[in-house]
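Undergrad: Okay, here's what each chain looks like letter by letter:
4 protein chains.
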Amino acid sequence: MPETAYPRETTALLFVDPYNDFLSEGGKIYPRIKPIADEVGLLDNLRQLDGAIRAAGIQVVIVPHRRWEPGDYETWDHFNPSQRSIMQRHSFARGEWGGEWHPDFAPKLGDLVAHEHWGQSGFANTDLDFLLKQKGIAHVIVVGLLANTCIESTARYAMELGYHVTLVRDATAALTQEMMHAAHDLNGPTFAHSILTTVEVIAALPTTSRSKEIVQ
Amino acid sequence: MPETAYPRETTALLFVDPYNDFLSEGGKIYPRIKPIADEVGLLDNLRQLDGAIRAAGIQVVIVPHRRWEPGDYETWDHFNPSQRSIMQRHSFARGEWGGEWHPDFAPKLGDLVAHEHWGQSGFANTDLDFLLKQKGIAHVIVVGLLANTCIESTARYAMELGYHVTLVRDATAALTQEMMHAAHDLNGPTFAHSILTTVEVIAALPTTSRSKEIVQ
Amino acid sequence: MPETAYPRETTALLFVDPYNDFLSEGGKIYPRIKPIADEVGLLDNLRQLDGAIRAAGIQVVIVPHRRWEPGDYETWDHFNPSQRSIMQRHSFARGEWGGEWHPDFAPKLGDLVAHEHWGQSGFANTDLDFLLKQKGIAHVIVVGLLANTCIESTARYAMELGYHVTLVRDATAALTQEMMHAAHDLNGPTFAHSILTTVEVIAALPTTSRSKEIVQ
Amino acid sequence: MPETAYPRETTALLFVDPYNDFLSEGGKIYPRIKPIADEVGLLDNLRQLDGAIRAAGIQVVIVPHRRWEPGDYETWDHFNPSQRSIMQRHSFARGEWGGEWHPDFAPKLGDLVAHEHWGQSGFANTDLDFLLKQKGIAHVIVVGLLANTCIESTARYAMELGYHVTLVRDATAALTQEMMHAAHDLNGPTFAHSILTTVEVIAALPTTSRSKEIVQ
Chain A
13 MPETAYPRET
23 TALLFVDPYN
33 DFLSEGGKIY
43 PRIKPIADEV
53 GLLDNLRQLD
63 GAIRAAGIQV
73 VIVPHRRWEP
83 GDYETWDHFN
93 PSQRSIMQRH
103 SFARGEWGGE
113 WHPDFAPKLG
123 DLVAHEHWGQ
133 SGFANTDLDF
143 LLKQKGIAHV
153 IVVGLLANTC
163 IESTARYAME
173 LGYHVTLVRD
183 ATAALTQEMM
193 HAAHDLNGPT
203 FAHSILTTVE
213 VIAALPTTSR
223 SKEIVQ
Chain B
13 MPETAYPRET
23 TALLFVDPYN
33 DFLSEGGKIY
43 PRIKPIADEV
53 GLLDNLRQLD
63 GAIRAAGIQV
73 VIVPHRRWEP
83 GDYETWDHFN
93 PSQRSIMQRH
103 SFARGEWGGE
113 WHPDFAPKLG
123 DLVAHEHWGQ
133 SGFANTDLDF
143 LLKQKGIAHV
153 IVVGLLANTC
163 IESTARYAME
173 LGYHVTLVRD
183 ATAALTQEMM
193 HAAHDLNGPT
203 FAHSILTTVE
213 VIAALPTTSR
223 SKEIVQ
Chain C
13 MPETAYPRET
23 TALLFVDPYN
33 DFLSEGGKIY
43 PRIKPIADEV
53 GLLDNLRQLD
63 GAIRAAGIQV
73 VIVPHRRWEP
83 GDYETWDHFN
93 PSQRSIMQRH
103 SFARGEWGGE
113 WHPDFAPKLG
123 DLVAHEHWGQ
133 SGFANTDLDF
143 LLKQKGIAHV
153 IVVGLLANTC
163 IESTARYAME
173 LGYHVTLVRD
183 ATAALTQEMM
193 HAAHDLNGPT
203 FAHSILTTVE
213 VIAALPTTSR
223 SKEIVQ
Chain D
13 MPETAYPRET
23 TALLFVDPYN
33 DFLSEGGKIY
43 PRIKPIADEV
53 GLLDNLRQLD
63 GAIRAAGIQV
73 VIVPHRRWEP
83 GDYETWDHFN
93 PSQRSIMQRH
103 SFARGEWGGE
113 WHPDFAPKLG
123 DLVAHEHWGQ
133 SGFANTDLDF
143 LLKQKGIAHV
153 IVVGLLANTC
163 IESTARYAME
173 LGYHVTLVRD
183 ATAALTQEMM
193 HAAHDLNGPT
203 FAHSILTTVE
213 VIAALPTTSR
223 SKEIVQ
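Chains as they are written, first to last, in our numbering: chain A, 13 to 228; chain B, 13 to 228; chain C, 13 to 228; chain D, 13 to 228.
There may be inaccurate statements among the hints.
One copy or two, either will do: identical chains are not told apart, so a pair holds if it fits within one copy or between any two.
As the list claims (entries may be wrong) - Quick list of in silico lysine to any residue cross-link-like pairs, SDA-like style, CA-CA up to 25 Å:
hint: 1; residue 1: Lys-147; residue 2: Trp-88
hint: 2; residue 1: Lys-147; residue 2: Gly-83
hint: 3; residue 1: Lys-147; residue 2: Leu-217
hint: 4; residue 1: Lys-120; residue 2: Gly-83
hint: 5; residue 1: Lys-147; residue 2: Leu-173
hint: 6; residue 1: Lys-40; residue 2: Ala-105
hint: 7; residue 1: Lys-147; residue 2: Ile-207
hint: 8; residue 1: Lys-46; residue 2: Ser-94
hint: 9; residue 1: Lys-147; residue 2: Ala-17
In case anyone wonders, no lab produced these hints; they're calculated from the structure.
Chain A on its own, in the form it takes in the complex (with noise of 0.2 Å):
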C-alpha cells in the first residue's frame, strides 16, 4: 500500500521524453526497449496513468531531451559516451518524425514543456525547477525513459532540489532487465521517497478533479 498521498495542488508528473523514437513502433531506440518495454507493459501504463493524472486534475510536464541538430556536441570539449550515440543515431533529430512527440503523450492546453535537456537530468541546464516553483509543486511522478539515464538522473535532481519524489516501475523502461533491477531495486531506493506500480500511483490520487479554471 503507498503511503504517499499526492495533493492536486502540489503534485506534478514528469514525463520524460515521450518521442517516437522511443515509444513508437519505427522509432530508432524503441526496438532495443521493445522487449522490458512489452514485459512491463509500458505504453498502455503510460495512457492509464496520464488519463488518470489529468482527471485528477494533476499537473502534466512534459520534460524533453534535446533533439538532435547537425553539429550538436561535434564542437565540445568532452561529449560523453550517450551523447556519442546520439550523433551517430539521429536519435530525437528536430524536424524529424522521431524528434516529434508520440500521437498519445504530445503536450495538451495547461501542460508544461521544459526546456530541453543535453544530458540526462530534466533538471540540469534547463527551467524546470523554475516552472514547477510557479506551479507550488512539491511532490513529482517521474515516468518515461530510460530508467537508469534520464529518469534515474531527474529523480535523483529532484530528491537533490528539495522534492518528494516517486518512480513508477512499470511506467518505465531500459535496455536491459538489470537495468530496471538497479534503478528500482538497488539505486531507486537510496534517493526515492517512494516507488510504486502503476496501478498502486493510480490509486493513491485525488479521487476529485480541481477547478478546471487554471488548467483550461
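We have chain A already, so just place chains B, C and D on it with the hints.
TA: The following block gives chains B, C and D in isolation, referenced to the frame of chain A:
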C-alpha cells in the same frame, strides 16, 4: 589503455566523504562496505592514488557529506530513505570520531574543502562547482564512497555541469557486488567519459610536478 | 497599503549577514553604513521586524557571508573588487568578534542557517534554496546588508528561482544614499514583487501564531 | 588602460537580447532606450565590438529573453513587474518581427544560442553555463540590454558562477541616465572584474585570429 590525458592545470581529484565512519575500523558504516572494500583493495588504492595525484601537482578537493547534528531532517517536509538511515545511525556525527576525516585522507595545505552536501551529489547545494571554476578545472576524477550513491550522483552532476568525468572502479566500494556492477558496468558508461582502475589513472597522470608556489 | 499576504506556512524571513562587522559599534564596516543605518532606523527596524516575524510563527533563515579565513581568495583565478576588499579588511573574520552574530540577531532554536556564500547572493553555491524547499517556502522577505550588493543579489536570485520576493527599504542600508535609491527605486521595482517599509510588512503579517510544535 | 587580457580560447562575448523590439526603429521598447542608446552610440559600438570579437576568433554567445507567447505568466503563482509589463506589451513576441533578431546581430555559423531566459539573468534556468563549460570559457564580456536588468543580473550570476566578468559601459543602454550610473558606477564595481568602454575592450583583444577549423 586509458585514452584520456589529465592536464595538471585543469584536473582535480574529488574525494567524497573520507570519514572514519566510512573508511576506518570501528566506523559505523565500514562493516557494511568492508567485504567489497577488501576485495577491490580500497584503502591501498586510495592511498596510492592520493599520493600520485599530489606528486603530480594535481588539485585535491574534499567533498564531504553533511555531518549529522541533533535535529537534522526531523522537521523537513520529506526526507528520503538514506536520510532516515542517517537519522537513526547518526552517521558522520559532528564532533564525534566517526565524523572526523580518516587520518590518511584529511585535507592538506592547498586542498579545497567544499560545503557539506545534504543528499548524494557533492555539487548539489554546495560551492563545489564554484571552487573548481576558480581553479580552471575541466576534468574531475571522482573517488570515495559509495559507488552507486554519492559517487554516482556527484559524477552525474559533474557531467551535466560540463566536466570531463572519470570513475575509478577500485577506488570506491558499495554494500553489494551488484551495486558495484550497476555503478561501473550499467550506469557509469552512460554518463562518465572514462572508467578506469587506480593503476590506469596513475599511468595517465602527468609525470612531472607543477611549480609548488601555488600548492604550498 | 501592501497587497501581499504572507502566509505563515509559506513565508520566510531571509536575514542576510547579521555580523558584528556590519551591525555593531566597533565593527569593521559599520562606520561606513552608520549614516544611512541611523537615517532609516536600521537596528530598531530589524529588531521590530525580527520580533514580529517570530511572534507570527514565520520561519527565520540566517544567510551568512563567507567568514574570512587566512588564504581566502588568494589563489583564485580571479577575485572581484568586493573580495579584494575583504582580503584587505578581513571582514567577518572567522574566530573573531567581527565574524560573530550581532547579539540581537543570533540564530535561535528552529531557525535555519544556510551555507556561507562566497559572493553576493545567498542562494549562489549554498543550500538556501534546498532548505526553503524543505519547508515549503514560496515567499521570502529579504533584509540585512548591503541593499545594493548582497540583498539585491539574493533578491534577484530568489525571483529567478521562482519565489515571491519582498524588499524592506528601511531594514537594510548601504554606503551612500544613491545606492539605496538604486536598490529600491531603480532596480528593485524590476524584479521584486513588493517593496515595503518595516511597518507595512508587520501590518501584513498573519496575526495569530502557528502551532509551536515545529519551531520549538 | 585595461589591465585584463582576453585569451582567445577562454573568452566569450555574451550578447543579451539582440531583438528588434530592443534595438530597431519600430521596436516596442526601442523608443524608451533611444535617448541613451543615441548618447552612448549603442548600435555603432555593438557593431564594432561584434566585428572585432569575431575577427579575433572569440566565441559569440546569444543570450535571448523568453519570447512572449499567448498565456505566458498568466497562470503563474507570482509574476514580477517586468513580466507584467511583458504580458501587456507582448515584448519579443514569438513569430513577430519584434521577437526576431536585429539583422546585424543574428547568430552566425559557430555562434552558440542559449535557452531563452524567463527573468533577467541569462544563466538562470538555462544552459548558458553548460555551453560555456563545453568551450572552456573563463572570461565573459556582457553586452546588450538593459544595463540594470538583464545585463546586470547576467553579470552578477557570471561572477557567482566563477567567471571573470567585464561590463562595457557604452555597449548597453537603459531607460534613464541614473540607471546607467547605478549599473556602472554604483553596482558594477562591486561584482564585475572590469568595466570598460568599447574602444578599451577592442584594444585588449588578441590581435591575430585563431584557427578557423573550429568555428567553421
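Undergrad: Failing hints, ascending?
TA: Result: no hint breaks.
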